[in-house]
Amino acid sequence: MTEPKFVYVTYIATTAEKLWQALTDGAFTERYWFGTRIKSDWTLGATVTFLRGDTVYDSGAVLECDPPKRLSYTWSVKFHEEFRGERPSRVTFEIEQMTSGSGKRSEVKLTVVHDDFDTGSKVFRAISGGWPVVLASLKSFLETGDPLEIAGVGALKGAEERALAAARGAAA
Amino acid sequence: MAQKFTPEKFVPKTVYVTYIACTPEKVWEALTRSEFTKQFFFSRTVEIEPRIGGSFAMRMPDGKYDIKGEVIEWDPPRRLSVTWGVAFEEFRELPESLVTYDIEPMGGSVKLTMTEAHQWDVPEAILAGGRQGWPLLLSSLKSLLETGKPIEINVKMGPPKEMLEAVEQACATKPWLRT
Chain X
1 MTEPKFVYVT
11 YIATTAEKLW
21 QALTDGAFTE
31 RYWFGTRIKS
41 DWTLGATVTF
51 LRGDTVYDSG
61 AVLECDPPKR
71 LSYTWSVKFH
81 EEFRGERPSR
91 VTFEIEQMTS
101 GSGKRSEVKL
111 TVVHDDFDTG
121 SKVFRAISGG
131 WPVVLASLKS
141 FLETGDPLEI
151 AGVGALKGAE
161 ERALAAARGA
171 AA
Chain P
1 MAQKFTPEKF
11 VPKTVYVTYI
21 ACTPEKVWEA
31 LTRSEFTKQF
41 FFSRTVEIEP
51 RIGGSFAMRM
61 PDGKYDIKGE
71 VIEWDPPRRL
81 SVTWGVAFEE
91 FRELPESLVT
101 YDIEPMGGSV
111 KLTMTEAHQW
121 DVPEAILAGG
131 RQGWPLLLSS
141 LKSLLETGKP
151 IEINVKMGPP
161 KEMLEAVEQA
171 CATKPWLRT
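Listed in order, the protein sequences are those of chains X and P. Residue 1 is where the first sequence starts when you use our numbering, and the numbers rise one by one after that. Residue 1 is where the second sequence starts when you use our numbering, and the numbers rise one by one after that.
Be a bit skeptical, because a hint or two may be false.
Unchecked claim - Here are the simulated EDC-like pairs of lysine to aspartate or glutamate, each with C-alpha atoms no more than 20 Å apart in a straight line:
id : chain 1 : residue 1 : chain 2 : residue 2
1  : X       : Lys18     : X       : Asp66
2  : X       : Lys69     : X       : Glu17
3  : P       : Lys149    : X       : Asp66
4  : P       : Lys26     : X       : Glu143
5  : X       : Lys104    : X       : Glu17
6  : P       : Lys149    : X       : Glu143
7  : P       : Lys174    : P       : Glu93
8  : P       : Lys111    : X       : Glu149
9  : P       : Lys111    : X       : Asp146
10 : X       : Lys18     : P       : Glu70
11 : P       : Lys26     : P       : Glu47
12 : P       : Lys9      : P       : Glu70
13 : X       : Lys5      : X       : Glu17
14 : P       : Lys64     : P       : Glu49
15 : P       : Lys111    : X       : Glu143
16 : X       : Lys69     : X       : Glu86
17 : P       : Lys161    : P       : Glu124
18 : X       : Lys18     : P       : Glu146
19 : X       : Lys5      : P       : Glu124
20 : P       : Lys13     : X       : Glu3
21 : X       : Lys109    : P       : Glu29
Calculated directly from the structure, the hints in this document are not laboratory data.
All chains should be modelled from the sequences, with the hints used to inform the complete structure.
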């Protein structure tokens with residue numbers, strides 16, 4: 001049986017440096033990640049925390065940090081009881097500079113791989129629905145200056161509830 | 001082509017989801033009109049008869065057909081499903097796949113889900129073509145609708161060598177004829 005692995009590719013009209021900043025600077029993540037602030041000093045082994053307000057939702061440790069090309073950290077769910085029992089998984093971002101047709105602007109390819117899950121992982125089920133929303137919002141934020149608006153203020157709660165419902169469905 | 005269409009035989013193999021800041025109507029328009037597809041769908045134009053059973057095709061800039069198929073579901077602006085036969089010489093014998101776009105309003109945005117489904121056990125090397133192409137063209141569609149400009153990245157036209165070899169082998173052995 002193959003282990004669960006989530007892979008998502010998107011192309012963004014931005015520079016590798018700006019994308020790197022958007023992935024690693026909490027002031028930026030807060031804008032497009034529906035209020036989630038990322039915090040780390042990004043040295044190898046350093047703690048990575050995902051906060052909403054003062055609440056730690058998820059945390060991990062830096063595995064690889066090669067700006068502006070490759071970033072990898074472990075990921076443990078802290079907030080949702082439902083997911084707490086699982087061992088940490090791994091998220092890896094790869095940024096590739098592309099050549100645009102006109103050569104007039106920078107475009108990059110972003111590949112996100114979230115893997116190292118146990119078979120049947122509920123976290124895997126939840127992140128598979130979550131990443132496309134966050135990465136679409138990231139792309140909008142970098143290209144237009146505005147993140148995605150999804151169902152206003154209640155969006156995040158709704159998304160979480162859907163993710164939890166999906167995870168329950170998978171477990172049933 | 002003359003066989004009866006049986007949607008339950010198609011199994012989803014590649015799914016791509018994105019969220020776009022616009023209306024379902026705009027996404028529908030972009031998927032069904034050439035002035036949009038020319039900009040985000042590798043310069044292809046689209047020809048589609050707006051009804052179930054209508055014909056569907058995409059053409060390359062030189063006018064040659066790239067994709068030929070039939071409209072299976074036509075439910076603007078929510079769901080469009082078409083059979084997808086690759087018209088290149090080398091691919092012609094392959095059974096057609098089924099491409100479905102689901103468009104759902106989500107607050108101020110739209111969730112777009114593209115599902116590519118197949119009626120036979122397609123080798124990974126053949127699926128790889130779509131798995132490379134869809135993220136680029138759907139990222140480009142999102143940019144086009146949100147900023148007015150598509151992604152400009154030059155892609156090498158034509159399928160990769162490994163894919164062509166897998167197609168050649170599949171056409172020689174026709175695994176879809178096995179039950």
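>> Checking one constraint from the list: CA of lysine 18(X) to CA of aspartate 66(X), max 20 Å. Satisfied?
In response: 14 Å, holds
> Keeping to a limit of 20 Å between CA atoms, is the pair of lysine 109(X) and glutamate 29(P) held or broken?
Replying inline: Not OK: lysine 109(X) and glutamate 29(P) at ~26 Å, beyond 20 Å, violated.
> Does the alpha-carbon distance linking lysine 9(P) and glutamate 70(P) stay inside the 20 Å limit?
Replying inline: Holds, at about 16 Å.
> Between lysine 174(P) and glutamate 93(P), is the straight-line Cα distance small enough, at 20 Å or below?
Replying inline: 9 Å, holds
> Can the restraint linking lysine 104(X) and glutamate 17(X) be considered satisfied, given a maximum Cα separation of 20 Å?
Replying inline: 17 Å, holds
>> With the threshold set at 20 Å, check whether the alpha-carbon distance from lysine 18(X) to glutamate 146(P) stays at or below it.
In response: Holds, at about 19 Å.
>> Against the 20 Å threshold, does the CA-CA distance of lysine 26(P) and glutamate 47(P) hold or violate the hint?
In response: 18 Å, holds
> Within a Cα-Cα threshold of 20 Å, do lysine 64(P) and glutamate 49(P) meet the stated pairing?
Replying inline: Since the Cα atoms of lysine 64(P) and glutamate 49(P) sit roughly 19 Å apart, the hinted pair holds (cutoff 20 Å).
>> For lysine 69(X) and glutamate 86(X), compute the direct alpha-carbon distance and say whether it is at most 20 Å.
In response: Violated. Lysine 69(X) to glutamate 86(X) sits at ~29 Å, over the 20 Å cutoff.
> Is the straight-line distance between the alpha-carbon of lysine 149(P) and that of glutamate 143(X) 20 Å or less?
Replying inline: Given that 20 Å is the threshold and the Cα spacing comes to 10 Å, the pair holds.
> Are the Cα atoms of lysine 111(P) and glutamate 149(X) separated by 20 Å or less?
Replying inline: 12 Å, holds
>> Does glutamate 124(P) sit within 20 Å of lysine 5(X), going by the straight-line distance between their CA atoms?
In response: 16 Å, holds
In the structure shown, a violation is registered for the earlier hints numbered 3, 10, 13, 16 and 21, in ascending order.
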